[in-house]
Structure formats: structure tokens, C-alpha cells
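Chemist: For the record, the sequence lines run as chains A and B.
Taking our numbering, I'd label the letters of the first sequence as residues 1 to 472.
Taking our numbering, I'd label the letters of the second sequence as residues 1001 to 1557.
Keep in mind the hints are simulated off the structure, nothing from the lab.
Treat each hint with caution, since some may be false.
Covered by chain A, per the in silico footprint, the following chain B stretches (three or more residues, Cβ under 8 angstroms) [claimed, not checked]:
| id | region |
| --- | --- |
| 1 | 1058 to 1070 |
| 2 | 1375 to 1386 |
| 3 | 1503 to 1515 |
Here are the computed lysine-lysine pairs in the PhoX-like style, where the Cα-Cα straight-line distance is at most 25 angstroms [to be verified]:
| id | chain 1 | residue 1 | chain 2 | residue 2 |
| --- | --- | --- | --- | --- |
| 4 | A | Lys468 | B | Lys1291 |
| 5 | A | Lys342 | A | Lys221 |
| 6 | B | Lys1049 | A | Lys270 |
| 7 | B | Lys1313 | B | Lys1291 |
Please read all numbers here as calculations on a predicted model, not as lab measurements.
C-beta: ideal position from N, C-alpha, C; glycine also.
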Amino acid sequence: MKKNVVFKMLSLFVIASFVLAACAAPAATEAPAQPQPPAATEAPAMTEAPAATEAPATEAPSAEEVTLRWRTRPDNQEEIDVYSQISTELDAQLDGITLTYEPGGTEGANYQDQLRSEVAAGTAPDVFWIPGTDVADFATRGLILNFSDLATQTDGFSVDNFYPGPMYHLTYNPESDASGADSGALWGLPRDVSTFALYLNLDLIAEAGAPDPRELAKEGKWDWDAFLDVAQKTRALGSDIYGYGASAWWGPYGTWLNAAGGGFFSADRKACALNTAESLQGLEFQRSLYQDYDVATPYGEDPEPPFRAGKVAMFQNGRWATPGVRTVEFNWDVVELPNGPKGTAGNWLFWGAYVINAKTAHPEEAWQLVQALTTAQTQGEVAALGANIPSRVSQEALDAFLTFTPPANNQAFLNGIADAAAPTAEGPLWAGSWPEFDKIMGPAIQGVLTGATSVDDFGTTICDEANKVFNQ
Amino acid sequence: MNEVISLDVRTNQILLLQSIWRGVFAVLAAAGALAPWLGWVTLDSNWQKLLVSAILLIAAIASGIGALQLTRHRHAGRMISLALDYLAFVACAVIVLNTGEVFIGIDALGETFGRGLPYLGIAVAGYFLGTIEDRFPKRDVSTTTSLKTVSRWIILGGVVLFLWQIDAVNGVLYFLGKLLQPTGLVAVAGTLIFGLSLWSMMRSEVAEALNAKTNHEQIISGWLFLSPNLLGFLIFFAGPLILSFYFSFTDSDAFNPPNWVGLENYARILNVRFAWLSSPTQLAREVVDIKVYDEVGRLALGNGGLLFAAADKFFWLALRNTLTFVLFAMPLSVIPALVLSNVLNSKLPGMKFFRAVYFMPSIAAVVGIALVWQWLYNATIGYINYFITVGIEFWNNLFNLAIIDPKIQWVSDEKTALFAVILIAAWQTMGFNTVLFLAGLQNIPGELYEAATVDGAGPWAKFWGITLPMLAPTTFYVVSTTTIQAMQVFEQVFILMNPPEGPNNSTITLVLYLYRSGFQNFKQGYASAIAWVLFIVIFGLTLVQFQRQRRSSIYES
């Protein structure tokens, strides 16, 4: 009997301890729910720190320690470790702010879906990262903070310190249809940028006796014809060897349209432009790679495994693929995308941004954190992993990036985002729904590239359907 | 004698207080029901106002009736009081825990629990030390007593250190600090008041005074035991179900207050047009309003054709794919399971091992399975195509043939993508269905087979004449559940395909489409409407199966 009493007491203790302990640590992380001490007068002082290359210092530390939760989408454990380290460092730098880093799921783990659910439930972090294409949806629904006022009050901060492409969208004001430093809108700061390059299997190219694309690029001869020549020669090596491989999403096929002078949208991004002659020319060339010349891995199949297995000569992917490619056993390097009929490669400038939760109770501190996360130093730490490129237009950052080898030809990525290459910035659709547009465009393009639909039929019907996603 | 009088007085006082309390509660609840509409309380949307008002109004009416019944000393008043006070007590307790942020603190426990585990181990070791006396004969009483004492101190020390290590002290302080805000204090007061009221009405003297009978107490106990599950069902299943029904009539995006749009969502789903085509290749824009409709499909008929267009073509594509999936996945996961169960039902050695083997896909994680199949299906380096290539080369070399390697693009060709998903689903479900059939087979009386053997029936005749009819209830269950499961296909498609809709939308399914609409395209209202249409389709199919089963049931005939 006594034994039972002791056992029950022990059980009760343990259960009670679970409940009580559950109240402890997150309590601090839930601080945003608490009312904030008057900040209007403190904000300018707190945000006066230089933002360009170093973490913003806090001149007037708040009386109460504020805890901020922040999240970004890592691609692997190495990135999680780096972001955790950065969080620790910034925690020490930012007076009065305690940081909690929450690694979000990867893209495959539906980072965005989980984030949206948390935003809807009111439990999203104070600062989080979203892809560039999501900015309009989040902004127009009032889910992220417009911190233009805070930025204006911050000495040393300038939107010109970042690539203009992302900043065009991040400073877009849907009410005035204006963009730029004086638009009255600032939705976020870009975490990093990236662009496409062709990862080359140099062994296959040499075995096929094809010219080295890197040399052709240096000589200014790297165009669609040269690309097709290399692809065909390497494809001739065997039935299981492919000249080219690209994943099935809007990024890879969009470059061919862009390079031909076309694109997804009209110049004002308020209508579908998939049926223009230029867009169709780009699509026709890409279709021929799959259907006429049969040089590409089947559209819709993941080309990365065969590339890593040494069966693809040219693999189109972004900087984020570099850490994975570094493990292959053959000789490899990268080259910029070939120039199209208009003389440019039509590359993308990919980006994602740190934004501030509209419901944060600490906007000033969150703004400090966003600045600190986008300094050249912080970006350099992340870029050292090799997965992305700093988003600051800073020679110091770019010079550092070139040292992050392999690949030896890192310059190919910088060429892709250089002004001369006229890259198209990945961007949200302020005048419509990007997910809806993508939902219509993706399968239709796939129909063309798999041979189920002709380019003419595609051009005849696509914009009838796609134009419905625009508000006008 | 004095004691009896004293008891009656106390009971009467309790009943009087309870009557007053019920009246007060009724007034407070009625005021609460009006509060959102009079601006005393701010709620985001009309559905929240309606929900709160409806609950409080019902509570107010019930409490008023309870007060009347109690003044008349009727037992119904006690039952009403107990039900209302219990529900209110649970609600207040949940609010207390929520205000103290216990629910969102589980992560913290996860972080600190590991630190406390060794000390919890010490406490458990102390407990086992105290049980030694039960395992050995009592030779020395003083030794046993010492062991008991040591055991208690070790347990106490272990528990204290455990609580310290998992940061329970800070947790308590934080919890109490959070409760000091108005919501917390009101919730604590509510918990105490409703708890006290509940306790007073549970007293046997009160029950006797209100002529409670044995079955009344049994009813109360029954509901009490049922309540955790029932409340969980109402809050986490029925509640969201009703809410989604409401959302299906709104333009909810999950972030902002929804606007009532009536049947607009359903109208969009069901807005379709059929149009005759003058030639099989005539453009859809020439026969339907292309600003509203998109082509879903067309049927070539001689020199003309029939066009099917819809305002939401993705819904109809998803419905087509889902029904195709069911049409193939259901028989492919039921018929092989039936055959396999008959094989596994034999007395051959090693059958138990094979039963486990075939069941394994059913218990494996869907995500893992889909990823493995993704590799197998890879058109360039996948094992399936590899073996096909090797096989074709072997035959070509052996017989000097020229069979062409088809190099099937399992997941990237719209002709094979859905079939690839069907194969996985059938393979995964077959094991579970096999176990169900096995259970059914083992319930068939052996005498039937013996009698059939005596009558000269062969194995095939036994199967058709005995096994299949006797398995009818099991077959009905397997077919019904497999059909419902197939109608809700999601995970395999979502993980296997990239993008999940597959080439040319060939693998978009209804659940995938509603998930995309609700969680990726910010259309919660529309997604809810899709969910209810899906429910109607599943309900209809199941109803048909029930009716067919009734007609063919051997038990009913």
C-alpha cells in the first residue's frame, strides 16, 4: 500500500514537473505578445547605427531585454550550423536583444506552407525569410511590416547598397505603383542572391572532343549554336549520356524565353507575355533540345542524380547546387549560360528576403536584426559555404565570393548577375497571383517540352488562361 | 438526530445557493451572448460572434432551466448544473493553462528534459531500492526500515534535482506571472467557482435530496468517462468540420476576416459548359467565353467534337484523376490481397514470416517509401529502367532480336505518371488488406470445407462457393475503406511528383488541389468548398457500396 502511495506521488511529481517545466523557456520567446515600452522616441536612436558593412549598434539599449525569434530556410545541416553561429554572434552584438534562431524546413519540407500556417495562427517568428516571389502576397495581405519609416530614420542605410533588381520589388508600393528609395515602402532586405550557371562535366566534354565552353565564353563565342554543338557531341557518347539537363520549374525554362527577348510578363508586369514571338522563339529552341535533337535528360526527371553519376555534360542549376556538386568524382567547373539571339544569356537574379512579421511587438528591434543579418560580414559567412552570393553590391563581398572555390570559374556566377548580362530579377506579381500564374504556366510549358503540345498551340491559348490571374 | 438535521440544513443551503448561482450564471451567459453585438467585446469576424453567442445563449437557457428545476428540487436541475459546471470548469482550466503558456512551452520541455533524465533515473532507482523488501524475506526489520528511509530520501533528492534541472522553478514563476493578467485571474476564479459548484453538486447528500437514483449516478459516471474523448471529438473534429462548412461560403484567406460569398465557391466549382465543335481542332475560345471557362477536355466525334470547359478546370482534372486512381488502385490493392491471403492462410512452414513481410509496406512511412520509389522510377539512372534495359539486351543478344528499349519516363510522362502513383499505393495498401482478409478467412468454419470435400467439391469450387461468400463482410469493409482511402490520395503524389501536379496536371488529385488552394494560394474558403464536394463524392460512393452490399449480403438473405 505504502509502495503504491510512493509510486503515485512519484508519478504525480513527474507529471506536474512536465507541465511546470513546459512553462519555462519558451516564455521568453513569446515576448512579442507583451506590450512594448514606448519606442517612438527611442527608435531613431536605436537605428542610427551604420548598416552598410557592420552590425547595427544600439546606442540606447532598451531597459528590458527583448527576445526575437527569426527563421530562414536552410538547405542542409551545414547551413543550419552557420545560421546558428550567426545568431549567437549577433545576439552578443545587439544590446538588449536576445535572439532565437529557428531553422525552418527545407524547400522539400514545405518551408512556405508551414510558415503561412504559423502566420495565420499568429505564432510566426518576428523576422523570417521568404522567397522573392512571395513578397507581394505577404505584403498585400498585411502579413509583413512596411518598415520604410524605420529605414528612413536610420543613418547610413540606403537601398542602393543592394542589387537594384530585388530592391525594385522590395520597395514597390502597390498603392502608388511606385518603386525606389522614396516610394514609401520597404518590405524586406535580400538575404542573398543567386543565378544560374551550367555545371560542366569536363571529362565528358573532353572525351567527346567538344570545345571547352569556358574558352568559348572567354572568346565571346558561347551562344546557342555553340551550346547545341557541345550538347550534341557529348550526347553522341552513348545512349545513357546526355548533353544537357535542367529541372522542371519556371527558372530553367524561363532563361530561354528571356534570352530570346521574351519573358513571362509584359514590361509593366500586368499581363501575360508568354505568347510573344520572342517568348515562343525561346520556347521553340528549348523544345528542340528535348524533342528534335534529343540532347537533354527527359523533361520532368531530376537531372541532378545523373549529372552526379557522370552522365550529363551540362547541368543548369543555381549556386545553391554547388555544395552537392563538390562531392562528385569527375573534373567539373561552371560556365555562364549561353547567349541567345538578343546577345544576353537571359539569366535570373534569384533572391529571397528577410521580412518582419506585421504582428511583431518589437518592430525597431526586428529592423535592427534585419540590418544585422544583411551586413557584408554576415553574408560573407553564409556565402563561404558556397551555396549563394552576397546580396550587397560590395566589391569586398564579391572579391570574397571569388575565393570560395571550387568551382574555379566562380566568375561565371558574377557574370550572370552583372549589369551587362541584364539578368531578370525574380519577382512577385503585384498585379496578380504568382502561384496561380505558375500553376497555369508550368503544365502548359511541360506539355510543349514533352512533345504533347506544339509551340503554336501553346502560343494560341496560353495567355487566354494566364491573363485571368491578373487583377485588372 | 442532530446530525441528520444539520445535514439537511447544509444541503438546503447548497441547493439554495446553487439555484441562485444558476440564475446568476444564466444572466451572465446571456449578457456574454449579447456582448459581441453590443461592442463590449471585440471579435474579428461574424462567425466568431455567432459561435460565441450561440454557445453562451444555449448555456444561458440551460442554466435558467436548471435554476427552475433546482428550486423545485428536481434531479434534472442537478444534471444540468453538473453538465454546465463541468464544461465551464474544463474551459476555464484550459484558459488558465493557455494564459500561462503551458501549451506552447512543450518545446522548452523538449530542450530541458534531457538534462533532467539522469536525476529522474536516480529517483526511479530510489523507488526500486524501497521495493527490495518485497523481494527478500524480512530477516532484519531495522535493515528494511533503513532501506525505506534511504529510498525516500533518494527519491526526494532525485525528484528535486530533476525539477531543478528541467527548469521547473522558472516555469512556475513564469506561469504565475502570466496568470496575473486579467484573463488569467478571471480564468483562475472561474476554475475555482465552477470546481466548487461541481464538487457541491457531486455530494451524495445533495444527490439524495434530489432523489437521485442509481442509474443517474451511472449516467453521470458514463458521461464523465466519455467526456475526454467526446470533447476532443467536438473540439478537434466536429468543430473544424462545421467551421470548414462555414468557410466554404466565404472568401477566407486564413489571415483576414472572411466575407460571406454565399454559394459562389460552389458555383465556381460546378460552373461547366459543353459545346459542340465544328472540327476536332476548333479553338475553345470560339465556342465558349474564354474569360470565364478553360478547356478541360474534348471528344472527337467524326468531323466535329464535343468540348468540355469549366470555370475551374483544375477541379475537374483533379476529379478525373482521383476517380481514375480509385478505379485502378482499389482493385489492384484488393484482388492481389485476396489471393495472397489465401496463400498465406495455408499451414506451410514460414508463413508467419511472409505475413510480416507483406505487411511491412503498410507500416513504413509514406514519405520514405515515396522517396525510394522516386529513385527506382528515375528514367535515366533508376533501377526499374535499368533492369528493363538489361532484360531487353539479354533477349536481343540471345535471340538476335531488335526489341527497342522503351526507356519509360515513369513520373515525367503524363501517360505513365498516374500509373506510377497507383502502383505505389496498391503495393503499400495490399499488405494491410491481406491481414484483414486473413482474419476473415480464419473465421470461416472448417466444417464447411469438410462438408464440401465430402460432396466432392474441388479447390476452385470451394473458393467460389464458400470462401468468397463467407468473406463478403470482410470484402465489403476492405473495398469501402480502400475506396475512401484512395479518394483521399495525397502523400504519395505530393512527395513522388515534382511538381506534385505532375506532367500536364496528370497527377493532380482532389486533396492535393484543396491543399494547394488552401495553404499555397491563400484560398481557404474555396479549399473548404472543394473539401465538402469531395465529402459528397465519397459519401455517394460509399452509399452505393452499402446498398450493393445489402442486396448481396449472405447474412441478410
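Chemist: Give a verdict on every hint.
Modeler: Structure-based check of each hint:
1. 1058 to 1070: With 0 residues close enough to chain A, the hint is violated.
2. 1375 to 1386: Holds, because 5 residues of the region 1375 to 1386 of chain B bring their Cβ atoms closer than 8 angstroms to Cβ atoms of chain A.
3. 1503 to 1515: Holds: 3 residues of the region 1503 to 1515 of chain B have a Cβ under 8 angstroms from chain A.
4. A/Lys468 to B/Lys1291: It holds: about 7 angstroms lies between the C-alpha atoms, which stays within 25 angstroms.
5. A/Lys342 to A/Lys221: Roughly 14 angstroms between the alpha carbons, so the hint for A/Lys342 and A/Lys221 holds.
6. B/Lys1049 to A/Lys270: Measuring from Cα to Cα gives roughly 39 angstroms; hence the hint is violated.
7. B/Lys1313 to B/Lys1291: The hint holds at about 13 angstroms.
Checked against the numbered hints above, the structure breaks hints 1 and 6 and satisfies the rest.
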